[in-house]
Amino acid sequence: VTRTSVASSAYTKLRTAIVTGRIAPGRVLSEGRIAADFDVSRTPVRQALRRLELEGHIERDGRGRPIVHALTDRELAEIFAVRELLEGFGARLAATRISDAEIDQLAAIVERDWMAHRRGDVEELARLNTEFHGLIMLASRNRALVEIVDELQWRVVGLSAFAVGTKADSERFVSEHARMLELLREGATGELEALVHEHLRTAHHVLAAGSVGAVASGGERGEHGRRRVA
Amino acid sequence: MPRETSREAIRRPAALADAAYDRLRSDLLERGPLTAGGRIVAGDLAARLGMSRTPVREALDRLGRIGYLERLDGGGYQRRRYRTRDARDLHELRLLLEPVGAELAAADRSRGPGPDARSFHADVASASGNRVLAHVIELLTERVSAMRTDLEHEGRQRSRASVERERRIAHAAVADAIRRGDGPAARRAMAEHLTFEARGVLTRTAPVEPGASGADA
Chain R
1 VTRTSVASSA YTKLRTAIVT GRIAPGRVLS EGRIAADFDV SRTPVRQALR
51 RLELEGHIER DGRGRPIVHA LTDRELAEIF AVRELLEGFG ARLAATRISD
101 AEIDQLAAIV ERDWMAHRRG DVEELARLNT EFHGLIMLAS RNRALVEIVD
151 ELQWRVVGLS AFAVGTKADS ERFVSEHARM LELLREGATG ELEALVHEHL
201 RTAHHVLAAG SVGAVASGGE RGEHGRRRVA
Chain H
1001 MPRETSREAI RRPAALADAA YDRLRSDLLE RGPLTAGGRI VAGDLAARLG
1051 MSRTPVREAL DRLGRIGYLE RLDGGGYQRR RYRTRDARDL HELRLLLEPV
1101 GAELAAADRS RGPGPDARSF HADVASASGN RVLAHVIELL TERVSAMRTD
1151 LEHEGRQRSR ASVERERRIA HAAVADAIRR GDGPAARRAM AEHLTFEARG
1201 VLTRTAPVEP GASGADA
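For the record, the sequence lines run as chains R and H. Numbered according to my numbering, the first sequence terminates at residue 230, and the numbering increases by one at each position without gaps. Numbered according to my numbering, the second sequence terminates at residue 1217, and the numbering increases by one at each position without gaps.
Everything labelled a hint here was simulated from the structure, so no lab data went into it. C-beta: ideal position from N, C-alpha, C; glycine also. Heads up, some of the hints might be wrong.
To be verified - Short, incomplete list of chain H residues facing chain R, as computed with Cβ under 8 Å: (1) R1065; (2) L1090; (3) E1092; (4) L1139; (5) T1141; (6) E1142; (7) V1144.
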């Protein structure tokens, strides 16, 4: 195992912990403790923290300690405006470029979506959501788009919205996935792009309504899922 | 995204990583000696630069994510080669985002850019007031630079002076529209400018080479 891969896996693990809400906004992060949790030395943890800071996931408190950044309403609005542009466009390209094999993969995801929804398994729903939207981006056949969306990782913020929404929210998201699949099959570019915009506006709304802090509590599930950070 | 949030606490390591990044980036842009030999390995490079490995490794990772380098299966990196398709992909995205940025910038004239700035596209993007949009556009323009290192050595280029002149005129048209607060005109001018520039890049892109890396679907 190379040092680069140790560093990049520390980064991935830490980022996942942040975006899934296992580490709440405002929490002070201890380099030593994270290193112990991940069973790595401090150097890769320090590198991961620096990269997450550049990406805006982490900031420093008054004493220079790293803390998890809580998104502001403005940031949320900026992120969703750009996601609408990028993902709507990606879906439009995908509608004319997607392969039959990819359509089948999406259909399998939608089936698992419904099962996870019935079980109320929000973590599975979140995973499937990433997979579903990631696959559509790949089907756009625009490599720069895939890389940029991946680099920014905002989709993760959106999928947490999904995880913290109510049961009615998740029903709506899953039905919209099913409808997107149909539109991809039909090659209905305009309608699909409009639906993706709508889908993201709903996700934005759910996030904003649940207060931004709620994103971070995606890990704690309740009947209605929506939790505020203490 | 708040990329500038209080770096003070980590200034030293961050500054080293930035220095390594700047050095390598300009070397890649100039097709300089550091990267002439194909495979790039953090350890060797650190020794040649007289720096420690960690900042060099971080710089390589960052250059990989931005699109200057690509990772090799056996470890290390190589300069990333671009093809016509990549130019098309990038153009599609710029045409999607930058006219929107120009239109938003026109809504608040106070932030308008000057047409002579080297960082014109980044300036317009940041004048849009949407920092995420600005960040993405910056990534895209950085990638255009990465791609140009391949393309401008392929011959068939217009004279540098005439390219610069055309570019200045196009930038002035965008900047004027922004200053007048005319969003639709700013949007149109930016789209025209990008389409014109892409025509140049698309015809100058290196042909697909057998075994060229970065094969995709």
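For each hint, the structure was consulted:
The criterion of a C-beta within 8 Å of any C-beta in chain R is met by R1065 of chain H, whose closest approach is roughly 6 Å, and the hint holds. Below 8 Å, beta-carbon pairs count as interface contacts, and L1090 of chain H has one with chain R at about 5 Å; its hint therefore holds. With its C-beta approaching chain R no nearer than about 6 Å, E1092 of chain H sits inside the 8 Å limit, and its interface hint holds. The restraint placing L1139 of chain H at the interface with chain R holds, with a minimum CB-CB distance near 6 Å, inside the 8 Å limit.
Evaluation of the T1141 of chain H hint against chain R yields a violated restraint, the C-beta minimum of about 12 Å exceeding 8 Å. About 11 Å separates the beta-carbon of E1142 of chain H from the nearest beta-carbon of chain R, more than 8 Å, and the hint is not met. Checking V1144 of chain H against chain R: minimum C-beta separation of about 10 Å lies over 8 Å; hint violated.
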